[in-house]
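Enquirer: Take a look at the letters that make up each chain.
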Amino acid sequence: MDATFFSNAIQFGAIFLFGCVGEILTEKSGHLNLGIPGIMCVGAAGGCFGAKLYLMPTADPNGFMTIFMAILFAMIFAGILGAVYGFLTVTLRCNQNVTGLAVTIFGAGFTSFFLNSVVLTEGVSTALSSAGQNFFLAAMPYEALGWFGEIFLSHGAMVYLSIIVAVIAAVVLRYTKVGLNLRAIGENPATADAVGINVTGYKYTFIIVGAAIAGLGGLCYVMDYMGGIVGATVDTTIQGIGWLSIALVIFTMWRPALAILGSIVFGALYILSSRITGIAFYQIPLLNIVPFAVTLLVLIVTSIIGKRETQAPASLGLSYFREDR
Amino acid sequence: MERVKQPLIHITKREDMPFWKRMIVRAAAVIIALLISDIFITASSDGRGGFFEFFASLFSGAFGTERRFWMLLQNTALLLGVAIALVVAFKMKFWNLGGNGQVLMGCLASAMCMFYMGGKVNDGVICLVMFVASILAGMVWAVIPAVFKAFFNTNESLFTLMMNYIAMYLVAFFIALWYPTGTGVMSPLPYGNLPTLGDGIAGRVLLPVLIVVAVTAIIYCYLRFSKHGYEISIVGESLNTARYAGINVKKVIIRTLCLSGALCGLIGFLLVGSVNHMVSTTMDGNMGFTGIMVAWMGKFNPLIMAGVAFFIIFLSRGMSQVCTDFGFTSSSLSDIVVGLIYFFLIGCEFFISYKVHFNFIKKKTKQPPADGAVAEVEPEAQPEEAAEGGVQITETSEEGNS
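Chains A and B are the protein sequences, given in the same order. Take 7 as the starting number for the first sequence in this note's numbering and just add one per residue. Take 874 as the starting number for the second sequence in this note's numbering and just add one per residue.
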């Protein structure tokens, strides 16, 4: 338990934070997007593709441009899959759970195929790990500041970006008219519609924006945490992280600001098994259970307390059809 | 004459579509999805296969040899079993997303019996203990979320999802415990083999298939004709109605999930005892999720679900052959194609339950005589036209994917 551990926890927490903030924005519009794990995978694939697109023809790549391209493509890829989910659930009014699972199955399969067949051609893996290095360029001269610098200032660009995104989401939801309208839609779309809010427009916007933000989570895992090394099981790992991000939404009671803290806690729990020393080889899987078991505890406790402030938006998971009674 | 302003596209609920028309809409969705996958795969396969070779490979992968055919049957049976287990819970609107974990716990329990009892007692006893143990393990894994759902209304979909991962790491733990120096892979054990009905692969596959067929028939009757089945559908339709009718909702939830988990455990038992003779962390083969899709697309009707399960397995086995023939190294291509099919099949339901009126298309229907109150002309779209519209709109959804 030293500064490195906390530093790593914050770094890993950023992945959860992206997924969690994306899911909060989606859920506030009344849509439970179980496709977030798949969307995060696709974000990782898109990010690698964007970085490759810029790095391969460029002789002397610029760090900022690499990051920019990766982020841009991660958001585009994830946003497109989010739009598919939105089209199926908003316009076609399909069941949200089933559609979400289909998105996850498709997204994970697509990522595994796309990374292996399209992105990882000759010489790309070295280029990608150099792109991964670029994500650390945003780090400040932290050694001079001792433990404080190591914990708070030693991260890549994505970590700071995740916190900025979370703060913006919190402010928008809490203090702006757009946020108020969005929350109204999540609670009761018929009432919001009667007031004259464009329900379909809001739902589409926030499903796609939420998906794009979640997609950055996948990019953050591949580029920032793994340093650009794309393993064979990357889609399975990101899926696990994605489900935890959805659970984190309940843990943080649909508040992006609280999600910053929650994600660091989850990050610490997640990396626990690889950081604790002096245990037997066979005990490691038991430590891997910890974040999932803690999530269960949180689920149970919040449901027992059952205050209205800690509950989901009232019309979460229900399709809205104006002519329904 | 002043016209009332109308939106360009107007959607209304559709009453009842005839059965054959519903089937045409679904068939159109599947065919479009397959054509799109075909074009995509043919285009990206560096000229190794053509447009029609795709379908040839697909069928040869599923039916090509006797062995492939029996494997197709076996996997269909296992998937159908999981879907049947889940449908019991879904009828009650309990989103059991934990099929993977419940199957895996069944597998783990069976493997534990093999590991600890193998060689000490004879195979018949081991099989019997395996059977009981795996059903119990699956049951426990499903009852824990059910109890919390019943008493505290805990979100069951996330709860069961987390239980999946706990089951996965438990399996990893036991493999690491049993094979401390190994690579985390368990080798098949020669104990606890289920009896075979005949020689070769046919005899081995027949037993699981027959068991699943029997289970499907029993569950069909249970849901359709028994008092329990009736209670399940009432709880699913309306909790308040169930309470007013004097149904003990908590009891129904817990009892139903016992059944759901037990059936998942049974599939785990078949997976270990008949197919693999060992356990691994990915042995559930994601059947918990696929089973949900099967149950949903089969309209919760066990007989239609059998057809859907067969089609999904046909696709995934056929696609692996397509991957080999067309020179793709990644086997996850089949996930993409199956995912596309899901999108189209889920999406096409819209055109079955809703009617789309295109108001910008001039109707050829006779205008009623103009005598004052004509403004409200009900646009009457022909059903065929709406079905065609369905095809067009699902195509636009595809553009987003590629």
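Everything labelled a hint here was simulated from the structure, so no lab data went into it. Hints are supplied without guarantee of correctness; some may be wrong.
Unchecked claim - Calculated lysine to aspartate or glutamate pairs in the EDC-like style (CA-CA distance at most 20 angstroms, straight line):
#	chain 1	residue 1	chain 2	residue 2
1	B	K1172	B	E1104
2	B	K966	B	D1198
3	B	K1228	B	D911
4	B	K1228	B	E888
5	B	K886	A	E193
6	B	K964	B	E1110
7	B	K1172	B	E939
8	B	K1172	B	E1110
9	A	K313	A	E193
10	B	K886	A	D330
11	B	K886	A	D199
12	B	K1228	A	E193
13	B	K1228	A	D330
14	B	K1100	B	D1072
As the list claims (entries may be wrong) - Just the calculated beta-carbon pair ranges, DEER-fashion:
#	chain 1	residue 1	chain 2	residue 2	range
15	A	P63	B	N1026	36 to 46 angstroms
16	A	Q317	B	T1155	12 to 22 angstroms
17	A	L324	B	G1119	51 to 61 angstroms
18	B	T1155	A	S123	14 to 24 angstroms
19	A	R180	B	S1111	47 to 57 angstroms
20	A	F287	B	L908	46 to 56 angstroms
21	B	S1111	A	S135	53 to 63 angstroms
22	B	K1100	A	G312	42 to 52 angstroms
23	B	G1200	A	R180	51 to 61 angstroms
24	A	G233	B	W1051	31 to 41 angstroms
25	A	Q289	B	R1128	47 to 57 angstroms
26	A	D8	B	F942	18 to 28 angstroms
All C-beta atoms, glycine included, are put in the ideal place defined by N, C-alpha and C.
Enquirer: None of the hints should be skipped; say for each whether it holds.
Expert: Against the structure, the hints come out as follows:
{"no.": "1", "hint": "K1172(B) x E1104(B)", "in the structure": "19 angstroms, holds"}
{"no.": "2", "hint": "K966(B) x D1198(B)", "in the structure": "42 angstroms, violated"}
{"no.": "3", "hint": "K1228(B) x D911(B)", "in the structure": "30 angstroms, violated"}
{"no.": "4", "hint": "K1228(B) x E888(B)", "in the structure": "9 angstroms, holds"}
{"no.": "5", "hint": "K886(B) x E193(A)", "in the structure": "24 angstroms, violated"}
{"no.": "6", "hint": "K964(B) x E1110(B)", "in the structure": "8 angstroms, holds"}
{"no.": "7", "hint": "K1172(B) x E939(B)", "in the structure": "31 angstroms, violated"}
{"no.": "8", "hint": "K1172(B) x E1110(B)", "in the structure": "15 angstroms, holds"}
{"no.": "9", "hint": "K313(A) x E193(A)", "in the structure": "16 angstroms, holds"}
{"no.": "10", "hint": "K886(B) x D330(A)", "in the structure": "9 angstroms, holds"}
{"no.": "11", "hint": "K886(B) x D199(A)", "in the structure": "19 angstroms, holds"}
{"no.": "12", "hint": "K1228(B) x E193(A)", "in the structure": "27 angstroms, violated"}
{"no.": "13", "hint": "K1228(B) x D330(A)", "in the structure": "14 angstroms, holds"}
{"no.": "14", "hint": "K1100(B) x D1072(B)", "in the structure": "42 angstroms, violated"}
{"no.": "15", "hint": "P63(A) x N1026(B): 36 to 46 angstroms", "in the structure": "56 angstroms, violated"}
{"no.": "16", "hint": "Q317(A) x T1155(B): 12 to 22 angstroms", "in the structure": "35 angstroms, violated"}
{"no.": "17", "hint": "L324(A) x G1119(B): 51 to 61 angstroms", "in the structure": "28 angstroms, violated"}
{"no.": "18", "hint": "T1155(B) x S123(A): 14 to 24 angstroms", "in the structure": "21 angstroms, holds"}
{"no.": "19", "hint": "R180(A) x S1111(B): 47 to 57 angstroms", "in the structure": "36 angstroms, violated"}
{"no.": "20", "hint": "F287(A) x L908(B): 46 to 56 angstroms", "in the structure": "50 angstroms, holds"}
{"no.": "21", "hint": "S1111(B) x S135(A): 53 to 63 angstroms", "in the structure": "56 angstroms, holds"}
{"no.": "22", "hint": "K1100(B) x G312(A): 42 to 52 angstroms", "in the structure": "32 angstroms, violated"}
{"no.": "23", "hint": "G1200(B) x R180(A): 51 to 61 angstroms", "in the structure": "54 angstroms, holds"}
{"no.": "24", "hint": "G233(A) x W1051(B): 31 to 41 angstroms", "in the structure": "34 angstroms, holds"}
{"no.": "25", "hint": "Q289(A) x R1128(B): 47 to 57 angstroms", "in the structure": "37 angstroms, violated"}
{"no.": "26", "hint": "D8(A) x F942(B): 18 to 28 angstroms", "in the structure": "59 angstroms, violated"}
Checked against the numbered hints given earlier, the structure breaks hints 2, 3, 5, 7, 12, 14, 15, 16, 17, 19, 22, 25 and 26 and satisfies all the rest.
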